[in-house]
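K.L.:
In case you want the letters, here they are:
There are 4 protein chains.
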Amino acid sequence: MQRTIRVTVWNEFIQERTEEAVAKVYPRGIHEAIAEYLRQQPGLVVRTATLDQPEHGLAEDVLRETDVLIWWGHVAHDKVSDAVVERVYRRVLEGMGLIVLHSGHYSKIFRRLMGTSCSLKWREAGERERVWVVAPWHPIAEGLPEYFEIEHEEMYGEYFDIPPPDELVFISWFEGGEVFRSGCCFYRGRGRVFYFRPGHETHPTFYNPHVRRVILNAVKWAAPVGGPAPRYGNVKPLEPIRGAR
Amino acid sequence: MQRTIRVTVWNEFIQERTEEAVAKVYPRGIHEAIAEYLRQQPGLVVRTATLDQPEHGLAEDVLRETDVLIWWGHVAHDKVSDAVVERVYRRVLEGMGLIVLHSGHYSKIFRRLMGTSCSLKWREAGERERVWVVAPWHPIAEGLPEYFEIEHEEMYGEYFDIPPPDELVFISWFEGGEVFRSGCCFYRGRGRVFYFRPGHETHPTFYNPHVRRVILNAVKWAAPVGGPAPRYGNVKPLEPIRGAR
Amino acid sequence: MQRTIRVTVWNEFIQERTEEAVAKVYPRGIHEAIAEYLRQQPGLVVRTATLDQPEHGLAEDVLRETDVLIWWGHVAHDKVSDAVVERVYRRVLEGMGLIVLHSGHYSKIFRRLMGTSCSLKWREAGERERVWVVAPWHPIAEGLPEYFEIEHEEMYGEYFDIPPPDELVFISWFEGGEVFRSGCCFYRGRGRVFYFRPGHETHPTFYNPHVRRVILNAVKWAAPVGGPAPRYGNVKPLEPIRGAR
Amino acid sequence: MQRTIRVTVWNEFIQERTEEAVAKVYPRGIHEAIAEYLRQQPGLVVRTATLDQPEHGLAEDVLRETDVLIWWGHVAHDKVSDAVVERVYRRVLEGMGLIVLHSGHYSKIFRRLMGTSCSLKWREAGERERVWVVAPWHPIAEGLPEYFEIEHEEMYGEYFDIPPPDELVFISWFEGGEVFRSGCCFYRGRGRVFYFRPGHETHPTFYNPHVRRVILNAVKWAAPVGGPAPRYGNVKPLEPIRGAR
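Chains as they are written, first to last, in my numbering: chain A, 375 to 619; chain B, 375 to 619; chain C, 375 to 619; chain D, 375 to 619.
Watch out, some of these pointers could steer you wrong.
Repeated chains share a single entry, so a pair holds when one copy, or any two copies, can fit it.
Below, computed lysine to aspartate or glutamate pairings styled on DMTMM-like, alpha-carbon distance capped at 20 Å [what the hints assert, rightly or not]:
| id | residue 1 | residue 2 |
| --- | --- | --- |
| 1 | LYS495 | GLU613 |
| 2 | LYS594 | GLU541 |
| 3 | LYS453 | GLU523 |
| 4 | LYS594 | GLU468 |
| 5 | LYS482 | ASP456 |
| 6 | LYS610 | GLU520 |
| 7 | LYS594 | GLU516 |
For the record, the hints were derived by calculation from the structure and aren't laboratory data.
Work out the full structure: start from the sequences and follow the hints.
P.N.:
This is how it looks when you write it as structure tokens:
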């Protein structure tokens, strides 16, 4: 009954190959750190894709066979081709789930779906982040404690220029004095979008068991639900119209 | 992996025993019409409870073993004891799902959870209702067409005095000229509440396959998600406080 | 104390000059029908702009001096230059209000701000529309009755592919059997966006006193509120950070 | 054009008369500290009411002449008569604005309107609070900086058991490591409710110019808007019904 969820983990995969501090933490890439965890979960089929592949690894047939796409990008947002962004965008409206991680807030696809600048404040000081659950009724909070800590992370601070989230799951506290809406759900077309804040490339955040759990929960939450596919355009009346003009 | 969901279908079960027009449609009660369908679904364990039973069939242990409670009431809202309402209320805040059907909009438990009068317009003319999906991304819309029709139903019209729903899934069109927010999701504590409009006692609405599908989808949606159980009250600081006063 | 609100009414102004049926209803253009009403209201300063003007009448200084922009377009959405769309978009994020009318749902600027296709169903049968208030607490409902009727209008039907509105003010009933979320509020950056459904070019909808009142209310609602202008980018900590890494 | 807003500031007014630490900060009561500021604002007419007055100072005619009621209570929530709570509740549904301050989260009226327990975490350590604006588009943020600090305050921490706010305006950061949804808007009936977190009785919070500005903004936001008064109950059809049954 439980359907298999087909996940594609996308990563720009640049800094892991050019910066020692990043390579040390994610020797096989951030996508592999995420994928290796997801592959251990029952009911998921997981593949990865990276910027340097043809069509960034996101050819039509890959997307057609993807239920949930996870997106991490940072230094090369503008290298992502508009055609691929358009393709992902259309798939989200058709029902594909999208999970945008950390610096992916500035990706073309996230800004396209939000309709805002997605700007924010930031600071790389490796400070403490404490992620608080503010929606204990939410499936993305399953199995989590009331809060969890990430010892060292980049700070993101408000104002985060997004539309008011349809559901707000997490709020982060930062040692340096800021707060941030860290887990945000959005509905677009038939698709479901989740933004999750943590995940700077120099910190081992994607090995954190709570962070991993959030990503797993989000994959299940974002999977297509099988609602009706809308028909658009000119339609005939369903009831008689009197005195039309 | 898929957990069994324990459903209790509650019905005041009065009109089916006192009004011929109702008895003809629901000879064994509205609760049985709903329960017989749910019992055919894999992964559900279903029981029923009625007003005339001791504690209205909702003793502490019954509620403790209920994941989702379905509620139908109409002529005897004031006969439901405040103690039982309080008990159901606490269970919802703890995480039990609640599905309120049709005239249950005026039940004590729904009004308690909404914080509003839950008043509306109504008309018993057996007119046509057309239920439109306005959230194709929602799990409660799974397997439904873009709209479905109920040939004869009581009309409920706006303004429906509820808080703005956290999610609006359906809007109904009525032959007599009204509209209604027919499928409304609310989050309360760790619990999930769904209000669904159709279901007048003189119409065979609960045999309608689309209506049944909505109820099944809502049961799955409302089942507890396993998020953190909040601790309330006085707490120690998690970080050092300088210069406290 | 009440600040003057500077309104610019934008219209593509094509069909009024090329189609007799439209010219008859709006001889001086839809923009003038709206502007003539708004000019009678205290506290508003009103100008108009049209597609055929240089920069579509929306030069930098015009937008800088506009508090609320009203937008009507239909047959020439793709004739609006991307540079002007970008300019309007940036002004909305800075705080300018935007009111999008009827077929403007398909304008570049609305789709850009929504992040969705903004598609819908439609039918030109001149049928009856009844607009119901579902948010009597909303300033855009000020002075309105519980519902109002428009004798002849084009039909727009669900699914309307927009993000769930931040506030839903109106739902329309149509004679032919459809419903539509007809008054929708969205927040983007510091700006406020209102979509209002009625307003087909062959019907005298913009002379309807209720429709006019909605537009006036929306102008007041959408005017900039003077909240803080966010600073983005790299920031210093506000509190000491221990053990940074 | 700008209508006068009639404000009633309600305070239980007990600790100011029984505890020296409170009396020192608010010698004439918290209500007077708030009222003296509001009285200086153009367009407001301000009165106060306290628990010890007949009907707690909230007789029928007082409420009928109140546009916005401000509520501060702490140690005597259960001393407020149910009849007065019911009266306030009905007035809110009719359109009266309600601003609930700090420990008022546990008042009967707030819990009644929310439908939840309104529980939270707390700590009296006089720590630093930093209030961040997360809705720069909101009228309650008018004239505020991006954040403001309160040097010494009681801490309130998540999970705050309220329904998801219809609008979230502020999030607080606390020195001790918690976060809190500090400015929350709710719509109930025709009324508007704002909860604002700061305001412990031993701290001079209600003299803080930013806090005062928030309260002033909230008064303007919560004032009745003049939307339609809903009619409830049995109604006649607006359109012909064929084949009724």
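K.L.:
Using 20 Å as the alpha carbon limit, work out where LYS594 and GLU541 are close: within a copy, between copies, both or neither.
P.N.:
both (16 Å within a copy, 19 Å between copies)
K.L.:
When Cα atoms must be at most 20 Å apart, do LYS453 and GLU523 count as within-copy, between-copy, both, or neither?
P.N.:
Neither, since 33 Å and 41 Å both go past 20 Å.
K.L.:
When no copy is named, should LYS482 and ASP456 be tagged within, between, both, or neither for a Cα gap of at most 20 Å?
P.N.:
Both, since 8 Å and 17 Å are each at most 20 Å.
K.L.:
With identical chains treated as interchangeable, where does the CA-CA distance between LYS610 and GLU520 reach 20 Å or less: within a copy, between copies, both, or neither?
P.N.:
Classified as between; 15 Å across copies, 52 Å inside a copy.
K.L.:
Under a CA distance limit of 20 Å, which applies to LYS594 and GLU516: within one copy, between copies, both, or neither?
P.N.:
both (11 Å within a copy, 15 Å between copies)
K.L.:
Since the copies are identical, ignore which copy is meant and state whether LYS495 and GLU613 lie within 20 Å (CA to CA) inside a copy, between copies, both or neither.
P.N.:
between (54 Å within a copy, 15 Å between copies)
K.L.:
Within a copy, between copies, both or neither: which one fits LYS594 and GLU468 at a CA-CA cutoff of 20 Å?
P.N.:
Within one copy only: 17 Å inside a chain, 23 Å across chains, cut-off 20 Å.
The structure does not agree with numbered hint 3 stated previously, though it agrees with all others.
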